[in-house]
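K.L.:
Chain A is fixed; fit chain B onto it per the hints.
Quick note, the sequences are listed as chains A and B, same order.
Numbering-wise, the first sequence is residues 1 to 418 according to our numbering.
Numbering-wise, the second sequence is residues 419 to 1043 according to our numbering.
These are computed hints drawn from the structure, not numbers from a lab.
Even glycine gets a Cβ: it sits at the ideal position worked out from N, Cα and C.
Some hints could be false.
[To be verified] Taking lysine-lysine and the DSSO-like style, the derived pairs with C-alpha atoms no more than 27 Å apart in a straight line are: (1) Lys680/B <-> Lys904/B; (2) Lys293/A <-> Lys454/B; (3) Lys680/B <-> Lys709/B; (4) Lys895/B <-> Lys604/B; (5) Lys622/B <-> Lys304/A; (6) Lys304/A <-> Lys523/B; (7) Lys482/B <-> Lys572/B; (8) Lys613/B <-> Lys597/B; (9) Lys424/B <-> Lys75/A; (10) Lys904/B <-> Lys293/A; (11) Lys609/B <-> Lys293/A; (12) Lys304/A <-> Lys533/B.
[Claimed, not checked] Distance windows between CB atoms, simulated: (13) Val61/A <-> Gln646/B: 54 to 62 Å; (14) Ile90/A <-> Tyr423/B: 29 to 37 Å; (15) Arg587/B <-> Ser249/A: 58 to 66 Å.
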Amino acid sequence: MNSFKKEEQITGRIDWMTVFIYLGLVFFGWLTIYSAVYQDEEQNIFSTAVNSGKQFQWMVVSFIIGFILLIVDSKFFSTFAYVFYVLMIIVLVGVIFLGVEVKGQRNWIRFGGFQMQPSEMAKFATCLAVAKYISTLNVDIRKWKFKWRVFALAFFPMLIVLIQGDTGSAIVFVALILALFREGLESYFLVIGTAVAVLSVLALLIPKFIFSGILLLIAFAISYYNWRNKTAVKWIMGVWLISSLYIFSVDFAFSKLKSHQKDRINVLIGKGGNDWNIRQSMIAIGSGGFIGKGYLNGTQTKLKFVPEQSTDFIFSSIGEEFGFVGSIILVLAFVGLFYRLLFMAERQRSRFSRVYGYCVVSILFFHFLINIGMAIGVAPVIGIPLPFISYGGSSLLSFTILLFLFIRMDSQRLESFR
Amino acid sequence: MKDFYKNRHTVIQVIIAVFAVIFVIRLAYLQLIDKKYVLMARNNAIKEMEVYPTRGMVYDRNGKLIVYNEAIYDIMIVPRLTANVDSARLCELLDITLADYSDRKYKAKKYSPYKSSFFMKQVSMATYSRFQEFLYLFPGFYGQVRTIRKYPYKCGALVMGDIGEVDDRQILASNGYYKAGDYVGKGGIEKTYEKELGGKQGKKFIFVDVHNREQGSFADGQFDTLAQAGDNLFTSLDIEMQQYGEDLMQNKKGSVVAIDPKTGEILCLISSPGYDPNLLCGSIRGENFAKLLVDSLKPLFNRATMATYPPGSTFKPFVGLISLNEEVQGVEYTVPCNGFYYFGGLTLRCSHHHPWATNIQYALAQSCNPYFWQTFRNSIENKNYSRIQDSYGKWVEYCNSFGFGTKLGIDIPSEVRGNIPSVNYFNRMYGERGWKSATIISLGIGQGEVLVTPLQLCNAFASIANKGWYITPHLVKKIVDTDTQKDIKKKDEKHYTKISPEWYEPVIEGLYQVVQAGTASSSRVDGIAMCGKTGTVQNPHGDNHSLFAGFAPKDNPKIVIAVCVENAGFGGRFAGPIASLIIEKYLNDTISTRRLDLEKRMKETNLLNKYFAASKPKTAEPTDE
Chain A
1 MNSFKKEEQI TGRIDWMTVF IYLGLVFFGW LTIYSAVYQD EEQNIFSTAV NSGKQFQWMV
61 VSFIIGFILL IVDSKFFSTF AYVFYVLMII VLVGVIFLGV EVKGQRNWIR FGGFQMQPSE
121 MAKFATCLAV AKYISTLNVD IRKWKFKWRV FALAFFPMLI VLIQGDTGSA IVFVALILAL
181 FREGLESYFL VIGTAVAVLS VLALLIPKFI FSGILLLIAF AISYYNWRNK TAVKWIMGVW
241 LISSLYIFSV DFAFSKLKSH QKDRINVLIG KGGNDWNIRQ SMIAIGSGGF IGKGYLNGTQ
301 TKLKFVPEQS TDFIFSSIGE EFGFVGSIIL VLAFVGLFYR LLFMAERQRS RFSRVYGYCV
361 VSILFFHFLI NIGMAIGVAP VIGIPLPFIS YGGSSLLSFT ILLFLFIRMD SQRLESFR
Chain B
419 MKDFYKNRHT VIQVIIAVFA VIFVIRLAYL QLIDKKYVLM ARNNAIKEME VYPTRGMVYD
479 RNGKLIVYNE AIYDIMIVPR LTANVDSARL CELLDITLAD YSDRKYKAKK YSPYKSSFFM
539 KQVSMATYSR FQEFLYLFPG FYGQVRTIRK YPYKCGALVM GDIGEVDDRQ ILASNGYYKA
599 GDYVGKGGIE KTYEKELGGK QGKKFIFVDV HNREQGSFAD GQFDTLAQAG DNLFTSLDIE
659 MQQYGEDLMQ NKKGSVVAID PKTGEILCLI SSPGYDPNLL CGSIRGENFA KLLVDSLKPL
719 FNRATMATYP PGSTFKPFVG LISLNEEVQG VEYTVPCNGF YYFGGLTLRC SHHHPWATNI
779 QYALAQSCNP YFWQTFRNSI ENKNYSRIQD SYGKWVEYCN SFGFGTKLGI DIPSEVRGNI
839 PSVNYFNRMY GERGWKSATI ISLGIGQGEV LVTPLQLCNA FASIANKGWY ITPHLVKKIV
899 DTDTQKDIKK KDEKHYTKIS PEWYEPVIEG LYQVVQAGTA SSSRVDGIAM CGKTGTVQNP
959 HGDNHSLFAG FAPKDNPKIV IAVCVENAGF GGRFAGPIAS LIIEKYLNDT ISTRRLDLEK
1019 RMKETNLLNK YFAASKPKTA EPTDE
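Chain A on its own, in the form it takes in the complex:
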């Protein structure tokens, strides 16, 4: 291949559909941010005095960096994946000592006029490192020897972010389980994960003795039909015992939580607590009706009934102003993006880019799930942004890098050989 032909191929193989969905989401987000801060017609969407103007600056920065990523050879990233990872860890630890505290979270660094959240940047570095490790020859995630290492790689940054006090960003790393699942992680990780979540919520809702009793009855019922199979009965009873122990431990764990964490869980299970945010968000979305109140006409978000309406609760602005139709279109746009990325991941020849692709989908999907779920009252209140939509330079930039690295890998998929 001569160099001229190669250049042509790069642009030709860029997955434009993904890029268009990306641009559509970013511009839609920008307009929504403007609407969320909109007060009167005098206001300029580009004015840096308000969020929409600042977001525009970050958009320009993101577009430039995204463009640069499309030119750089993706081998560079796979080669230096561990270097990025180590650098990222150093920065994360550094932030704990040198960072600036904002809203009780020591996860900001400041240079010049800019503020950055390194925890956002940790996402793509971790994805690269995990992809790199799994794609290493002979690594088989089904074996505990390798499993531990992958987990350590994925969850060490999570631990540091947790120490920084940013529980929301930390939890995101759990999403990588989905990517690992694709690479052969046993399905019980998904099942146990889900079961633990469901049991935890139910344990706080239903009195624990009754709950344990109900589970025992179910266990007896299943055992009765399998009474010949002694092993099965033993297993079932074992599961019951562990579940019950877990149930009793939930209350204890719950009592050890910080008050805002308790609130989040209480809100989710409908037990009072400080559910102002979530209720206001649901009111805003619910009052949007079928076609919404129209762009810039939302009252609940504009009059600040919904807190954080341009960041964590931006979906309530969308739901209020664009109604059911707008919300569904947004949900479908995200699902379309995920499916496209999954499709792209599957067509990769290198395991590295495939794993990376799945990591990207996992992280984006987790954000989507928690952010919108929280706004419509089906997920706990965890303050993480809606990718490409929410206001925030660090998050826009980090999602852009995350996505464009994969677009770049995808455009070079034919060059790599296993």
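P.N.:
The following block gives chain B in isolation, referenced to the frame of chain A:
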């Protein structure tokens, strides 16, 4: 490396699809099915606010503005937003102490940390404009304009009434129109004409943000309703007469009521001691009200309509009229009087010496007690009635037809009935057979159980002036509807007395003689044919009350007046002169030079020490001049 897990691609697709479907269902529920969120959003962001109307203004009979509105400000607080308030500066500007500041803030916070409530009520324009300059230093504070009443003439407080916060009973009765903190008329015409003066509240729908701050009007104000300003009232008061009367009555306890007999319009209604009505306006109301309430002279007690006195000799014309109408005696009926009256074993003493009364005119002029004892006895012992219950019952009816013993229905809230003792009262007191004319003889000279208010006395004299009728006395002659600019006042009722008109002539002549040559001759005004009757009323509270009731001119009377000066002695000494001065001023516009001394003396006389000296109750015989 072989890819064993390609099918897991589908599993992940399904997981994403499942959650997307959950989101769609949830969104459909929130946005399409459950309608409550639309309502909740409205309740959140759209606030219904009352728009307070301006109260109607009040004019006197000559078109002088006597009550108007002045803007003042309530300072409101939203406690949650007051985190960074420069409280020292705020206290300095509002002239309160820091302790007071935290106290007020605490109260507001207890009501609601999010909702706005009163921090300080009724701050003057001057204070507020100073405060407003620094409003940016006080997040969570804002001003709300209100109006208070102002009275350019510092008189007639009890007639005008005052404005105060609506009480719980009124809130309940108003079907949600009033809410706590609204202001309503609390007395006088402000209370009676609350509906007209109060106007109609409007509604304003505004957007409020999460901190309850106004963010512009809802739907460009298309659902808003305007407040309708209160109707203007034109009272029948002559504010200058009111003022003049209060000046004459200063430092004396008592009352003056003047009525235009042709219309029943009250020209002045004075209760002394009075107070400046501006004292009960605005933030100083509470403090001043408490002071007035404990004042031993009871300035809040409307003596003109609520104080009852035995009418004394002022009652004699009515006793005479009843006997004439019952035809138990004629105009020229004579009772010999040599200072004593012997009757049924009693020896009653006339209070003063005078020639024999040979007719009713002379009896009135000299206020002869024996004459009216006899006259009263004649009507009670009337041969046309078999029992005293019937004759006395008839006599009560006559009295009631003059308005005695009944509420007249004046258009201010405080009015009492007075007392004309009923047949049943005496039956209960003495047994059905236990009483006769001698038992109740003192009624004949307006003493004993009979009690009248100065208003009733004045009104009854208006019936004499009109020769047989009166119109319900009232203070408001015209209500101008804000919308139509038309007079919406109901016509006042005309009442006829039970005395035929022919009997008034001799009595009026007698009353004329009272002023010309009788007991009130010191009150005579050259050029004015004044009729009247003095009264010197025995009472258990000290010296006699000085009473006078009369009208002028004799033909086609323009003013009827009743004056009562408590514990001032002989009726011709204070009440008569005060009445004559008011009449002279009303009819002639000035006081003749000859009588300026009298005017000065009336104004300057101070009887207050009489009221403060603990007076021993006296229980003497009725005496009269």
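K.L.:
For every hint, state whether the structure bears it out.
P.N.:
Results for each hint:
1. Lys680/B <-> Lys904/B: Cα-Cα ~23 Å, so holds.
2. Lys293/A <-> Lys454/B: With Cα atoms ~16 Å apart, Lys293/A and Lys454/B stay inside 27 Å; holds.
3. Lys680/B <-> Lys709/B: It is violated: about 40 Å lies between the C-alpha atoms, which goes past 27 Å.
4. Lys895/B <-> Lys604/B: Cα-Cα ~21 Å, so holds.
5. Lys622/B <-> Lys304/A: Judged against 27 Å, a Cα distance of about 21 Å means the pair holds.
6. Lys304/A <-> Lys523/B: This hinted pair holds, its Cα atoms lying about 25 Å apart.
7. Lys482/B <-> Lys572/B: holds (14 Å)
8. Lys613/B <-> Lys597/B: At roughly 16 Å apart (the allowed maximum being 27 Å), Lys597/B and Lys613/B satisfy the hint.
9. Lys424/B <-> Lys75/A: holds (25 Å)
10. Lys904/B <-> Lys293/A: violated (47 Å)
11. Lys609/B <-> Lys293/A: violated (48 Å)
12. Lys304/A <-> Lys533/B: With a Cα-Cα distance of about 16 Å, the restraint between Lys304/A and Lys533/B holds, given a limit of 27 Å.
13. Val61/A <-> Gln646/B: 54 to 62 Å: Given a distance of about 60 Å, which is inside 54 to 62 Å, the answer is holds.
14. Ile90/A <-> Tyr423/B: 29 to 37 Å: Since the Cβ atoms of Ile90/A and Tyr423/B sit about 34 Å apart, the hinted range of 29 to 37 Å holds.
15. Arg587/B <-> Ser249/A: 58 to 66 Å: holds (60 Å)
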